[in-house]
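Chemist: Below are the chains, spelled out letter by letter.
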Amino acid sequence: MLHIVNKSPYDRNSLDIAVSYKADGDIFLLIEDGVYAAMKGGAAAAKLDGCTVSVLGADIAARGIAEDKLIDGVSVIDYAGFVDLVEANEKVQSWL
Amino acid sequence: MKFTIQVNEGPYQHQATDSAYLFTKAALEKGHEIFRVFFYHDGVNNGTRLTTPPQDDRNIVKRWSELGAEHDLDLVICVAAAQRRGIVDDGEAERNGKDATNIAEGFRISGLGQLVEGAIQSDRLVVFGD
Amino acid sequence: MSKVKKFMYVNRRAPYGTIYAWESLEVVLIGAAFEQDVSMAFIGDGVYQLTKGQDTTGLEMKNFSPTYSALGDYEVTKIYIEKESLEERGLTLEDLQHLTWEDEDDDWAEKDSIQLVSRAEMVKVFADQDVFFNF
Numbered sequence: 001m002l003h004i005v006n007k008s009p010y011d012r013n014s015l016d017i018a019v020s021y022k023a024d025g026d027i028f029l030l031i032e033d034g035v036y037a038a039m040k041g042g043a044a045a046a047k048l049d050g051c052t053v054s055v056l057g058a059d060i061a062a063r064g065i066a067e068d069k070l071i072d073g074v075s076v077i078d079y080a081g082f083v084d085l086v087e088a089n090e091k092v093q094s095w096l
Numbered sequence: 001m002k003f004t005i006q007v008n009e010g011p012y013q014h015q016a017t018d019s020a021y022l023f024t025k026a027a028l029e030k031g032h033e034i035f036r037v038f039f040y041h042d043g044v045n046n047g048t049r050l051t052t053p054p055q056d057d058r059n060i061v062k063r064w065s066e067l068g069a070e071h072d073l074d075l076v077i078c079v080a081a082a083q084r085r086g087i088v089d090d091g092e093a094e095r096n097g098k099d100a101t102n103i104a105e106g107f108r109i110s111g112l113g114q115l116v117e118g119a120i121q122s123d124r125l126v127v128f129g130d
Numbered sequence: 001m002s003k004v005k006k007f008m009y010v011n012r013r014a015p016y017g018t019i020y021a022w023e024s025l026e027v028v029l030i031g032a033a034f035e036q037d038v039s040m041a042f043i044g045d046g047v048y049q050l051t052k053g054q055d056t057t058g059l060e061m062k063n064f065s066p067t068y069s070a071l072g073d074y075e076v077t078k079i080y081i082e083k084e085s086l087e088e089r090g091l092t093l094e095d096l097q098h099l100t101w102e103d104e105d106d107d108w109a110e111k112d113s114i115q116l117v118s119r120a121e122m123v124k125v126f127a128d129q130d131v132f133f134n135f
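Residue numbers (our numbering), protein chains in the order written: chain A, 1 to 96; chain B, 1 to 130; chain C, 1 to 135.
Calculated from the structure, these hints are not laboratory results.
Note that the Cβ used here is the ideal one computed from N, Cα and C, for glycine as well.
Among the hints, a few may not be true.
[Unchecked claim] Covered stretches of chain B, going by a simulated chain A footprint (3 or more residues, C-beta under 8 angstroms):
1. 5-19
2. 25-33
3. 124-130
Given these sequences and hints, build the entire structure.
Modeler: Printed below as a string of C-alpha cells:
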C-alpha cells in the first residue's frame, strides 16, 4: 500500500495514524506540509523509523528544505516519480 | 494505466488542487490515461470561470481548463456539492431558476455516480484534499 | 463489465464541524447502486459520526445521523469500527447507533452491520480492499 500524508506532523495526527496502519512492504509518500516530518532533528522524524519514505522534491524545495536536511534513507522524487509510485502500488490511501 | 483523480478542496486555500494538477500533468506526460478528474466538496470551486487571480500567480481554474482541452479530459464537478456552493452551468441555471452561470470551460456538472464509476473503471483512484 | 471491486470508505472526520462526513455518506449511498463490494471503516474522529443522541436543532443544520441506520437497506452491511479509536475517546459500542441489515438468504434475519475490530485487524481488512475513498 502507498500511504500519502500531506499534513505537518506538528499540526495534525495523520502521520501517526498512517504509520500505525503500516503493513509489510508499504511505502509512505510525504507531500505538501507532510514533508516536514522527514526533516532531520525534528521530533516527528522518529515516527518514520522503519518506514520506506519518499518526499516530493517540489514540496521540500518550496519550503526551503535542502535534501541534506532530510533524514537518511528518504527518496526525493518528482511528480513523475509520484505517478510511478501510484502505478507500482495496487492500493493507495490518502490520509487526509 | 488508467487513473481517476479526486479533488476535495478549492483553489488557493489549499495546495490540494495544485498537487492534483501536477500529478495529472505528470501522469499524462508519462502516457497514462486520466479517465476522469472529479471535483468534490469545496473542490467544485475549481470550476468557476469568475476567478481573477493576480497576474503574477498561477491561474488554477484556467490551468485545469487548458490541460482539459489539450488532453480531452473529463473534468466533472459534483452536482450536489456544486448546488450547495453556487457552481452553475446552463442546465443547472435552468433547473434551479438562477440568473447566471459561472462554470469554466471544459468542466461539466454531473452526479456522484461519476466518481464511483471512475473508481470502477480506473486502475487507481488518487485523492487530493485537506 | 469489469469485476466487482472492493470499495473501502474511510471515515476519519467528526460530523458538523466540517461537511466531509455528510458528503462522504452521500457517496456511499449513491455508490450502493453500483453493486460493488462495499465496506466502511470508522477510525479516529470518524467514530463520532455514529454516536447516539445527535440533535442539531440549535445549529440549524440537518441531522444526518439517522441516515446511517438506512445503510443496511442499501446493502452496505460491513461497517468496521476501530476499537482503539473508541477507547481513546472514552466511548464504547453502547454509545453508538446499533446498525443492522436483513439477510435475505437467511429468512430476512436481522444481523449486526457493525464489527468492532482492533487496529491490527483493521490493517488486515484494509489489505483486502481494492479502492480507498478518502474524504
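Chemist: Hint by hint, say whether it matches the structure.
Modeler: Here is what the structure says about each hint:
1. 5-19: Check passed, 4 qualifying residues.
2. 25-33: holds (count 6)
3. 124-130: holds (count 7)
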